[in-house]
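Taken in order, these protein sequences are the chains called A and B.
Each residue of the first sequence is one higher than the one before, starting from 1 at the first, in this note's numbering.
Each residue of the second sequence is one higher than the one before, starting from 1001 at the first, in this note's numbering.
Please keep in mind that the hints were generated in silico from the structure rather than gathered at the bench.
Don't be surprised by glycine CBs; every beta carbon is placed ideally from N, CA and C.
A portion of the hints provided could be inaccurate.
Dumping the calculated DSSO-like pairs for lysine-lysine here, alpha-carbon to alpha-carbon at most 30 Å [to be verified]:
| id | chain 1 | residue 1 | chain 2 | residue 2 |
| --- | --- | --- | --- | --- |
| 1 | A | 241 | A | 207 |
| 2 | A | 257 | B | 1141 |
| 3 | A | 220 | B | 1241 |
| 4 | B | 1257 | A | 416 |
| 5 | B | 1018 | B | 1051 |
| 6 | A | 416 | A | 257 |
What the simulated footprint calls covered on chain B by chain A, stretch by stretch (three residues with Cβ under 8 Å from a Cβ of chain A suffice, anywhere in the stretch; the number is not a length) [unchecked claim]:
| id | stretch |
| --- | --- |
| 7 | 1105–1113 |
| 8 | 1128–1140 |
| 9 | 1198–1208 |
| 10 | 1245–1256 |
| 11 | 1326–1333 |
| 12 | 1375–1386 |
Number of protein chains: 2
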Amino acid sequence: MNEQMTERPWETLSEILKTSDTEELRRYLEALSPAETARTVSRLSSQEQSKLLMVLEPQDAADVIEGFSDTQAIELIEYLPAENAAAIVDEIPSDRQADLLAELDEKDAEAILKEMSPEEADAVRHLLTYDPNTAGGLMIKEYVAYKEEDRVCDVLEDLENNRGIYKDYHVQYLYVRDKEERLAGVLRIHDLLYAPRDALLNTLMIKDPLYVSVQATVGKLREFFSEHGLFGVPVVDTESKLVGVVLPVAVEEASVKRANRQFLGLSGIVGGEEFRTMPLLVRSGRRFSWLSINIVLNIIAASVIAYYQDTLVAVIALAVFLPMISDMSGCSGNQAVAVSMRELTLGLIRPKEILRVIGKELGLGALNGLGLGLLLGGVALLWKGNPFLGLVVGGALMANTMLAVTFGGVLPLALKSVKLDPALVSSPVLTTVTDMCGFFLVLSLATALLPRLAGG
Amino acid sequence: MNEQMTERPWETLSEILKTSDTEELRRYLEALSPAETARTVSRLSSQEQSKLLMVLEPQDAADVIEGFSDTQAIELIEYLPAENAAAIVDEIPSDRQADLLAELDEKDAEAILKEMSPEEADAVRHLLTYDPNTAGGLMIKEYVAYKEEDRVCDVLEDLENNRGIYKDYHVQYLYVRDKEERLAGVLRIHDLLYAPRDALLNTLMIKDPLYVSVQATVGKLREFFSEHGLFGVPVVDTESKLVGVVLPVAVEEASVKRANRQFLGLSGIVGGEEFRTMPLLVRSGRRFSWLSINIVLNIIAASVIAYYQDTLVAVIALAVFLPMISDMSGCSGNQAVAVSMRELTLGLIRPKEILRVIGKELGLGALNGLGLGLLLGGVALLWKGNPFLGLVVGGALMANTMLAVTFGGVLPLALKSVKLDPALVSSPVLTTVTDMCGFFLVLSLATALLPRLAGG
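Bound conformation, chain A alone (with noise of 0.2 Å):
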C-alpha cells in the first residue's frame, strides 16, 4: 500500500538482486503490497527470478510464491533446482501444495517430493491421490486431532506446547478419533473453556459430527458450507478414517478458479492460463492450436458459400449480409450457451433436461429472430428495395437464429451429457453449425426465388 513508489520498482529489485543482500531483499519486498510483489518478480527475468527465490529465506520466497497464481507459482519453482524448490514448497499449506505439485511434471513434482521433509511429502502425496475439485483435493492436513481418552489438561498442554505449530493452522475446531483413526466427534475450542481440566473429549466433544467424503464435489461442498455455517468440515476416507478437513475459502477458491476457467476457454485461452511474462513462442503456440481447429471449421462452413456461388454472381447484395448473418447468429448463440452454462453451474437444470430447454429458448428464438429478422430484412429492402431480398436476407436470419438460440441453449447439456468441457467445445461447434445453416438458409431461399432477385 506503499503509494509513493517507483513506477518500475522491478528494475529496482534487479538492482537489489546484484548485491544478493537477504536481508535488503527482504525488506523491500515487504514494503510491497502482495499484487505488486506479484507484478514486481513477474517483471523480472527467468533467471532473475530464480536467483531471488534462491537467495531469499525459504519462508519469505514462499510468502513471494503464496501471492501468484497457480500457473505463475509453476513457472516460478520450475527453474529452481529441487532442493530449493522443495524447502519452499515445504513452507506453503499443503492444499497450495498439492495444486502445485499437480501441475508440474511427474518427473519434477517427484524430486521435489524426495527433497521436502518427509512428513510434508507424505501428506502432499496423499493429497494427489484425489480430484482437485473434491473434498480430497481441497482438503488441508493443517488439522489437530486428539484421542477419544485424551483429557482437556492433555489438549491445553499440547495446544500450549505447539502453539509455534499451531498458530499457522486454522484451529477453530478440535478433531477426535476413535481407536480406529475414525472421526468420532468434534470439540469446539470454546467448549474447552469450562471444562474441567480431566474431563475426557468423549464427555465433550459433539458426537456423529457433520462431514464429507473425500470425493463430495466443490457443489455439493458450496451447499454444505451455505446450510451450515461452519468454520472447516472434517473429511473422512472411504474407512471413515478422518483425512483432512475442507475450509469454506478453498471451496470458494475453487469456484473462483472454475468461473475463470470458463471465461478464458470460452475466449479461446485453452490449456492454462496466459500471462504475458511467458515467452513469446508458448503463448503464440497455445493460442494458434485454438485457431487452427476453428479456421479447419470456418472453412468447412464455408464451403457451403462456395457450393452457391452463381447465385452470390446473380445476387452481389448477398455477399455483404453472409458475414452479418454468420456473426449474429454467433451472438444470439452464445447468450443461449452462457444461460445454459450458468443453470448447470448452479444446479437449477440437469443434463438430461434437455427437452425443458427446447422449449424454453425455442419461443425466445422466434421473438429474438423476428425481431432481428425484420430488422436486416428492413436494412436490405430500403438498400436495394427489393422486397425478395429483405424476405429473404431477414427469413434467413429469423429461422437461423431460432436454431442457433435453440441449439446452443441444449449444447452445454449434450456435452456435459458426454463428459465434455462445455467451456472448451461449445463455442467452436456452435459457430460451425450456425454458420453452415446461416448460409445455406440465405443462399438456398436466394437460389429458390432467384428471378426475383437478380431483377433487383
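Chain A is already provided as a structure; the job is to place chain B on it using the hints.
Frame of chain A, contents of chain B only:
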C-alpha cells in the same frame, strides 16, 4: 443428498402447498439439498412461490432464500407483501440483506426496511450507503465488541447470556472499542482461556490491530487475507470508528460474482443474470437489447463490403473468405482481450501500460497471423489455382490478425482507463473494428490486384 427423490419434486411440493401444511412443507424441503431446493422452488409458479414463503416460518423461508443467487432471491421477495418480506429478510445475515435490498426498487426496499426490526433495518441502511464491492458493502454487522474498561468476567457473562444470538455469528475475535467508539484492539477467544477473570480487556487485547477502511476494494481485501491468514478483519470508517467486520468468505464470494459477471458479459448476457424460470418477455427483451446494438454495428462494418461490390462481382471467390476473415480475427482478438482482462484483475498490469501490451502482442500477432495467413492463403491457392488470390486472402488475414491481437490486447486497458467495463464493451467494439479492417484489407488488396485475380 436424497438420491431416490422423485424426478419432478416441484409437483410434489405443489401438492403439499395446496394443503398449506407448514410442518409438512418444512419437512419436505428439509429432505432436499440446498441446490435441489433452489431447483425445485424455482420451477413453481410465482403464485406458488409467494404462497410457499408466506406459509413457511420466516426462518425456514430465509433458508430457502439463502440457497438462491441474488437475482433469483430478489424475484421471490419482490412479489411478497412488505411485512412478509421483512420478516424473512430479518433472518438473513446483514451483508446478504444489503446485497438483496440494493438490487430491489428503491420503493420496494424502503417498504421492507420500514417493516423490519429497527436495529436490523438501521444496520442494513448503513451497509447500503457503501459500494457493494468495497469493505463497506461486504462487511457484516454480526460481530461482538466490548469496551476497553470491560473485564474478562463481563465478557464471559455476556457471551454466556447471549449464546443464542452469538451462535449465528462468526465469532473468532472480540473487538474492543475506546470511549470514542474507535477500534482500540482485538482479542482472540483463545486468549480469554488463561486470563484472570478480573483482568481489563485493554491489558489483554492486541493493540494497534490490523484493520481496513470502508473503501478497501475486493482486490485489496483479497491481498489482505492472502497476506494475513485471519478469520476476519475489522472495518473502520473515516473517523476510525469500528463499523463492521469482513470475512474472507465474503471476499471470495465477491470474486466469484465478478468472474461470473465477466463471463456473462462477454457472452452478451447483460443487465443481470438470466434464468429460464424468468418470464419469456423479460429474457427475450434483455437479450434483444444487446443483440440490437450488435446488429447495428454489424451493418456499419458490412457497409465496407457494399462499397466494393464491383470487385466482389469480378472475383466472387472472395465472398467465401469474408466471413472467415471476420470470424478468425474476432477469435484472435478475443484471446488477447481475455489475457488483458485477467492480467488487470490480478493486478499484473496497469491500465496505462498500453505500450507494454502493444510490444507483447505485436510479435505474437505477427507469428499467428503468419500461420493463419499461410493456411488460408494455401487453401485459396489450392482451390482456385491462383497465387494472387492466395496472396490477397492470406496477406489480409495476416495483417488483420496482427491488428486484432494488438487492438484486443489494448482495448480492456483503454476501457478501464475511461471507467468502462471491459466485460461489456470489449467484444462488440473489437468485432466491429476487426470486421471493418478485415473487409477493407481483403477488398482493397483485391481491387489493386484485380487484373491478376479476375483472370484466375
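We went through each hint and held it up to the structure:
Note on residue 241 (chain A) and residue 207 (chain A): the hinted pairing holds, with a Cα-Cα distance of about 15 Å set against a maximum of 30 Å. About 29 Å separates the Cα atoms of residue 257 (chain A) and residue 1141 (chain B), which keeps this hinted pair within 30 Å; it holds. Note on residue 220 (chain A) and residue 1241 (chain B): the hinted pairing is violated, with a Cα-Cα distance of about 39 Å set against a maximum of 30 Å. Proximity of residue 1257 (chain B) to residue 416 (chain A) is assessed by CA-CA distance (about 23 Å); at most 30 Å being required, the pair is judged to hold.
The hinted pair formed by residue 1018 (chain B) and residue 1051 (chain B) meets the criterion: a straight-line CA distance of about 9 Å does not exceed 30 Å. Taken as a hint, the residue 416 (chain A) and residue 257 (chain A) pair is honoured in the structure, with Cα atoms around 19 Å apart against an allowance of 30 Å. Coverage of a stretch by a chain is defined here by at least three residues with a beta carbon nearer than 8 Å to that chain's beta carbons; for the stretch 1105–1113 of chain B and chain A the count is 0, and the condition is violated. A stretch counts as covered by a chain when three or more of its residues have a beta carbon under 8 Å from one of that chain; for the stretch 1128–1140 of chain B and chain A the count is 0, and the coverage is violated.
Counting residues of the stretch 1198–1208 of chain B whose CB lies closer than 8 Å to any CB of chain A gives 0, so the stated coverage by that chain is violated, three being the minimum. Given a C-beta distance limit of less than 8 Å, the hint that chain A covers the stretch 1245–1256 of chain B holds, as 6 residues qualify and 3 suffice. For the stretch 1326–1333 of chain B, the assignment as covered by chain A holds, since 6 residues bring a beta-carbon within under 8 Å of that chain's beta-carbons and 3 suffice. Under a criterion of three residues with beta carbons nearer than 8 Å to beta carbons of chain A, the stated coverage of the stretch 1375–1386 of chain B is upheld, 4 such residues being counted.
Figure legend: structure checked against the earlier numbered hints; hints not met, in rising order: 3, 7, 8, 9.
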